[in-house]
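If you read the sequences in order, they're chains D and U.
Residue numbers for the first sequence follow our numbering, so the first one is 1 and each next one is one higher.
Residue numbers for the second sequence follow our numbering, so the first one is 359 and each next one is one higher.
Hints are not guaranteed to be accurate.
Only some residues are given here: those of chain U computed to face chain D with a beta carbon under 10 Å [as the list claims (entries may be wrong)]:
(1) S534
(2) R569
(3) L578
(4) Y580
(5) A629
(6) S673
(7) D691
Treat the hints as calculated values from the structure; they're not laboratory data.
Treat the numbers as computed from the prediction; the structure is a model and nothing was measured.
Built from N, CA and C at the ideal position, the CB exists for glycine as well.
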Amino acid sequence: MDTIDCDVHCAPSSFDELFPYLSDYWRQYIAEAGIRLTGVAHAYPGGVSPPAPSSYSELASHVLEGRTPPGLVVLNCVTGFETHRNPYFTAAVASAINDWVRSEFLERDSRLRASVVVSSVSPDDAVSEIERVGEDPRFVQVLLPVRSDLPWGHKNNHSMFAAARSAGLQIGLHAWGRAGKAPTPSGFTTTYLEDYVGNQPIAQAQVLSFVSEGVFERFDDMRVVVTECGFAWLAPLLWRFDKDWKGVWREVPWLKRRPSEYVTEHFRFTTAPAHLPIDAAAVGQLLEMMDAPGMLAYASDYPHDHGDGLAPLLEQLSEDERERVLWGNAAALYGLEDAHARRRGRAESGPPPVAGSR
Amino acid sequence: MSSRVETSSSPVAVGVRTVELVDCDVHAQATEAMLAGYLGASARRMLERYGRRTPRVTEWYPRARHSGMRVDAWPGKPGHIWGSDPELTREQLLDEFDVDYAVLEVLSGQDCYDHPDFAAEWNSAVNQWQVDQWLSFDPRFRGTIAVAHEYPALAVAEIERRAGDDRFVAVLLPASAAEQLGSPKYWPIYEAATAAGRPVAFHTGGYVDHRGAGYPSFYLDYHVGNGIVMQSQLASMVAGGMFDAVPGLRVVLTECGVAWAAALRWSLDAAFELVRDAHPRLQRKPSEYIDEHVWFTTQPIEEPDDPQHLVYAISQARLGHRLLFATDYPHWDFDSPKQALPRSFEPSMRQAILCDNALSLYGLPGERAV
Chain D
1 MDTIDCDVHC
11 APSSFDELFP
21 YLSDYWRQYI
31 AEAGIRLTGV
41 AHAYPGGVSP
51 PAPSSYSELA
61 SHVLEGRTPP
71 GLVVLNCVTG
81 FETHRNPYFT
91 AAVASAINDW
101 VRSEFLERDS
111 RLRASVVVSS
121 VSPDDAVSEI
131 ERVGEDPRFV
141 QVLLPVRSDL
151 PWGHKNNHSM
161 FAAARSAGLQ
171 IGLHAWGRAG
181 KAPTPSGFTT
191 TYLEDYVGNQ
201 PIAQAQVLSF
211 VSEGVFERFD
221 DMRVVVTECG
231 FAWLAPLLWR
241 FDKDWKGVWR
251 EVPWLKRRPS
261 EYVTEHFRFT
271 TAPAHLPIDA
281 AAVGQLLEMM
291 DAPGMLAYAS
301 DYPHDHGDGL
311 APLLEQLSED
321 ERERVLWGNA
331 AALYGLEDAH
341 ARRRGRAESG
351 PPPVAGSR
Chain U
359 MSSRVETSSS
369 PVAVGVRTVE
379 LVDCDVHAQA
389 TEAMLAGYLG
399 ASARRMLERY
409 GRRTPRVTEW
419 YPRARHSGMR
429 VDAWPGKPGH
439 IWGSDPELTR
449 EQLLDEFDVD
459 YAVLEVLSGQ
469 DCYDHPDFAA
479 EWNSAVNQWQ
489 VDQWLSFDPR
499 FRGTIAVAHE
509 YPALAVAEIE
519 RRAGDDRFVA
529 VLLPASAAEQ
539 LGSPKYWPIY
549 EAATAAGRPV
559 AFHTGGYVDH
569 RGAGYPSFYL
579 DYHVGNGIVM
589 QSQLASMVAG
599 GMFDAVPGLR
609 VVLTECGVAW
619 AAALRWSLDA
629 AFELVRDAHP
639 RLQRKPSEYI
649 DEHVWFTTQP
659 IEEPDDPQHL
669 VYAISQARLG
679 HRLLFATDYP
689 HWDFDSPKQA
699 LPRSFEPSMR
709 QAILCDNALS
719 LYGLPGERAV
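Isolated chain U, as found in the complex (with noise of 0.2 Å):
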C-alpha cells in the first residue's frame, strides 16, 4: 500500500493515497423499476403499460449461464439484479481490489430505439440514478454520461445538463448505432462532449442491424465480433472526417479488444494511399488520427499462447499510452487487476495502462483521501 498516512478504522478521511490502480469499464445497471422513479408521469405510464419495444441483443443470443454474470454478483437482495447494488460493487471489486476509481458505463440506455420524448427523459434518468445511488455513495465510483444519441441535439443538452458535475468523466455511446459512428449526424455530441472537456466512451453493443455478413447464430461469434464491429466503427471515424471536424476530440473504444489495432492501421494507410483525392478532409494519414485521438480499454484483453505476441501486437499499434485497464466487473470475462495483464508486460507499461494513462485522459487526482 502506498498510503502517506495510516488509517485508522475510522471512516473519516485521514490520509492521502497515491492512486495506482483505475478501472475505466464497470457496469452499473438499473432495473426499469428503478428508473421508473426518475421518470415523469407520462414516460413512465408508457414504459409501464407499453414497455420499450426492440428486443434486447441478449434476446437475440443469450448468454450460457447466469446471463453473462458472474455467478456470484446476482446479489441476493430483493429488487436487485447484477450491477444494480453499489454496496455489492464495493465490496467484490473496490475493496477488494483496492481500485482506486471505477468509471461506470451504464448501458441501460444504449440497446433500444425509443421515442426522442422518452429517450431523453429515460437517459436522464440513468444519469440521476447514478448520481443518487453511486457517485454519491463511494467517491471511487465516477459516472459516463449516457445520452439519447439517436436524438443529438437532446444528447447535447443532457451533457450540458451534467457537465457541471465533475464526477461525470465521459460521454456514453454505443459502438453500434443507427448510422455508423463517424457521420456528421452524430458530431454535435463530439463536439458537445469535447467542449465538456469528456472523452466520449463507445461501449461494445447497441443496435446490432447491421452484419455485412449477416447475423451470427451464436453469442460466440456474436461476442468475438464486437471486436470486429469497432474495427468498421473506427475505420468510419477516421475516413469520414470527425477527428477533423472535432479536433480536440478523444474517444475510448471499450470492451471490443485491441490487438487488432496494428492491422486495421495497416490497412488503412495502405489503402489512403491509393484513393487520398476521395478524403480532401483529411490532413494525415489514418494512423496518425488514431495516435491522436484515440484509447482502448483493455477488456477482454486477446490471450495469445506466447504473451510476448500480445506486447508486439500493442507496440506496433503504439497503443502503450493509450490503453486503460479495465476489469468489466460483473461479467463472466471479468479480467482481474492481479492476473489479466501478462508478466511480459514492463513495469512502466503496467504503471501506464492500469493507471497513468486513465488519470491523465479522465484528468483525475493522482492522490485521493483515504
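For reference, chain D alone in the conformation it holds in the complex (with noise of 0.2 Å):
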C-alpha cells in the first residue's frame, strides 16, 4: 500500500554544511566559540540511534530505495531544537537549515517535502521565515519542538499561526527541545528514558494549551500534527478535559464546543512511537476509545527506532482504514490529494511525479 511518511529526519552533520547559507557574522560566531551540534535538545544519542542523513544520497539510500519506498517523504529537520536562547542566532540558524534542506534534498526528489522550522524563542523572527519560505508549496508544515518556554496555543504566537495559515501551512509538534531547563512537569531528569517518555505528558499539555487559549476558534481549519510523542494516551486525556470544561468553562468562553470536539478536528497524531499494549484486546479496545482511523498519520521516524511499531494496531482496522492512516489522512492534511492521484495515473502511464505538486 503507498504510503506517506510523515516523520523522516534529516540533520547537517555539522555547521559547515550550514556555513553557505549563513553570513559571514554567524560563520565568525559559530567559528571562533567552537559551537558545535550536539543534539543534546534532541536527544538520540549516538548509542541508540544512528545519524540523520545528512546527504540526499544517505536519504536515498536508506528511505527512498527501499523494497516499499514511501510514495511521498515529509522531512524534519530538528537541529535548530537547541538550547541557544540568542534569538539572533536561532532564527539565522533555522533560515539556513530551511535553505539547505531546500537545497540538498527538496531541489532533488518530487517525493520529498519538508517543515519550515522557525525560531523556538522568537515568534517574530518565526513570522519572518516563514513569510520567506513558506510560499514554497513542498513545505508543507512549520515545525515545533514539543518542548517550549511558553505553551505554544498561547496568545504570543498567534501571529505564527497566522502566517502558517497565510502560507497554506500547517503546524508540527515534534518530541524534544528547549533543553536547558526542567525537561518535564516535575523537573530535571537524570535518565533518557525520562526524557524519552517525558515527550508524552509535554504533548498532552500542549494540546491542552492550543484548545484552552481558543487557537482553532481563530484559525478554524489550522492542523497541528503531533509528532514522535506516542498518542495511546489520549483517549483518558480528553475525558478529563471535557469533565473539567464543563465545571470551569467561564474561564475560557471563547470555547464554543467541548475539547474533545477541537482536538479530534485539529489534531493529528504520527504513529511512531506507537507504544501500544501487547495485548491484542486492549489494541481493540484503544481503537474504540478514539478515532485512530480518522487521527493518526503513518511515520517511520528514521532512522530512530522505537520498538515493534505500529503492526498489531493497523491488523485491526479495514483495508479503508489502513488506506486513510497510511496515505489519505496525511494527503487531507498537507494537501496532497492531486499528488496521488498522480501517483495512480503514474502506476498506470508511467510519468514521474512533478515536484512541488501540493
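Fit the two chains together into the complex; they arrive one by one in their own frames, and the hints show the way.
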C-alpha cells in the first residue's frame, strides 16, 4: 500500500554544512566560539540511534530506494531544537536549515516535502521565516519543538499561526526541544528514559494549551500534527479535559464546543512511536476509545528505532481505514491529494511525479 | 445499613458496623491563625511579621468561583474557611454519605518554600492541629503526616514523632517538589515511612516551577495538567530506582486521575526495552514496579461518554485492586460516593474501590464501633 511517511529525519552533520547559508557574521560567531551541534535538545544519543541522513544520497539509500519506498516523505530537521537563547542566532540557524533542506533534498526528488523550521524563542522571527520560505509548496508545515518556554497555544504565538495559515502551512509539533531548563513538568531528569517518555506528557500539555487558548476558534482550518510523541494517551486526557471544562468553562468563554471535539477535528498524530499494548484485545479497546483511523498519520521516524511499532494496530483496521492512516489522512492534512492521483496515474501510464504538487 | 447491633440514639458505642466506605482524600485546611498557636515564639513572629514568601498556586491560577470550593462548604463561623471546621465536614461528608473512614490530607504545608526551621515547626503544627481538632473529634477521621519534604532529615524526625499514633495512616507529600520525586534526595522520607508501616501519599499540587512546556494560562489547562505532572513523576519514580532502594514502599497517587496509567505503562515498558542498559538498578519491567508499589485515588475520575471505556482503562492498567475511592471534599469537583463510579463497574470492583483496597493498604479495621 502506498504511504506518506510523515516523519523522516535529516540533519546536517556539523555547522560546516550550513555555512553556505549563513552570513559572515554568524560563520565567525560559530567558528570563534567553537559552537557545535551537540544534539542534546533532540536527544537521540549516538548509542541509541544512527545519525539522521545529512545528504540526499544517504536519504535515498536508506529511505527512498528500499523494497517498499514511501510515495511521499515529510522531512523534519530538528537541528534547530537547540539550547541557544540568542534569538538572532536561532533565527539565522533556522533560515540556514531551510535553505539547506531545500537545496540538498527538495530540489533533488519530487517525492520530498519538508517542515519549515523556525526560531523557537522568537515568534517575530518565526513569522518572517514563514513569510520568506512558506510559499514554496514543498514546505507543508511549520515545525515546533514540543518542549517550549511558553505553551504554543499562548496568544503570543498566534501571529505565527496566522502566517502559517496564510502560507497554506499546518503546524507540526515534534518531540524534544528546549533543553537547558527542566525538560518535564516534574523537574530535571537524570535518565534518558525519562526524557524520552517525557515527550508524551508534554505533548498532552500542548494539546490542552492549543484548545484552552481558543486557537482553533481563531484558525479554524489549522491542523496540529503531533509527531513522535505517541497517541495512546489521548482518550483518557480528553475524558478529563471535557469533565473539567464543564465545570470551569467561564474561564475560556471563547470555546464553543467540548474540548474533545476541537481535538478530534484539529489534531493528528504520527504513528512512531506507537507504544501500544502487547495484548490485541487492549489494542481493540484503544481503537474504540479514539478515532484512530481518522487521526493517525503514518511515520517511520527514520532513523530512530522505537521498537515494534504500529503493526498490531494496523492489523485491526479495515482496508479502507489502513489506507487513511498510511496515506489519506496525511494527504488531506497537507493538501497532497493531487499527488495521490498523479501517482495512481503514473502506475497506469508511467510519467514521474512532478515537484511542487501540493 | 449493615450494623450488626442496632444503636439507640445514645452517643455511647453499643455495636459494631461493618466498614463499607473509605474516603481517601478529604481536605481539612488550617488557617494561618489556627496554626500560629502551635508555633514557637520565633516562628510565630516570622509568620506574623513577614509571612510565608512563596505565592500559592491559587495566586497563579485563580479558581473561578468560591476559591474552587463547594459553596456550601464555607462555614458561617467566624475565623473559619472551607475545610477548617470538623463539625461541618462531619455533617456534610461523614454523616451525609455514611463514610466510615475519611483520610485527611492537609495541604497547608505543601505549596510553599519555607526556611527549614520554620518548615519543621509548621508541619508539626499541622499534625498537632489534626490530632487536636480532627482525630480527637471523631474516630472516623484519619490523618496523614505532613512533613517538611524539602528537608528530609526534618521530615524523618516528624514521621518518627507521629509513628506511634495509629490514627495517622500515611505520610503526605506534594506531587511537585524542587526535585523529581524519584530523586534519591527524598528516599530517606520513603524509608522512614515504610519503616513506620505507612504508605506515602503524593497529593496533586506543590511546587509549580517545572513545566517542560511552559506555564499554562488558565486554571483549566493547569488543573487538567495535574494528571500530566503525575505521569511524569511516576516515570521518575520508576526510572530512578526508588522501588528497588525501598522495596516495601507503597505510594498513593492522589487527585491526579487514573485512566492515563495504561498508556504510561506501555510507553515505559516499550522504552525500557530499548535502553535497558542505562538502568542496571532496575530488576524488572517498569509496569511490574507500578503493579507492586502504586495505588491511585479515584477523584477526579475521568468521565468518558461511554462508561465502559473507563472499565477498559482500569483493566488495561491492572488497577482493580489499586484504586481507592475519594471524594476530595470540599473541592468544587467533589465526587459523590453515590454517583461517581459508573454503573458499568461490577459489584466486586465497586466494593474493592469503595472499601477493601483502602482497608488493606492502610491496615484499617473492617469493623468499627458505632
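Verification of the supplied hints:
About 7 Å separates the beta-carbon of S534(U) from the nearest beta-carbon of chain D, less than 10 Å, and the hint is met. For R569(U), the suggested interface contact is upheld, since its CB lies about 5 Å from the closest CB of chain D, less than 10 Å. Given hint, L578(U) at the interface with chain D, holds; its Cβ is 5 Å from that chain's nearest Cβ, closer than 10 Å. For the restraint placing Y580(U) at the interface with chain D, the shortest Cβ-Cβ distance is roughly 9 Å, inside the 10 Å limit, so the hint holds.
At a threshold of 10 Å, the smallest CB-CB gap from A629(U) to chain D is about 5 Å, leaving the interface hint in force. For S673(U), the suggested interface contact is upheld, since its CB lies about 8 Å from the closest CB of chain D, less than 10 Å. About 6 Å separates the beta-carbon of D691(U) from the nearest beta-carbon of chain D, less than 10 Å, and the hint is met.
Hint compliance for this structure: no hint is broken.
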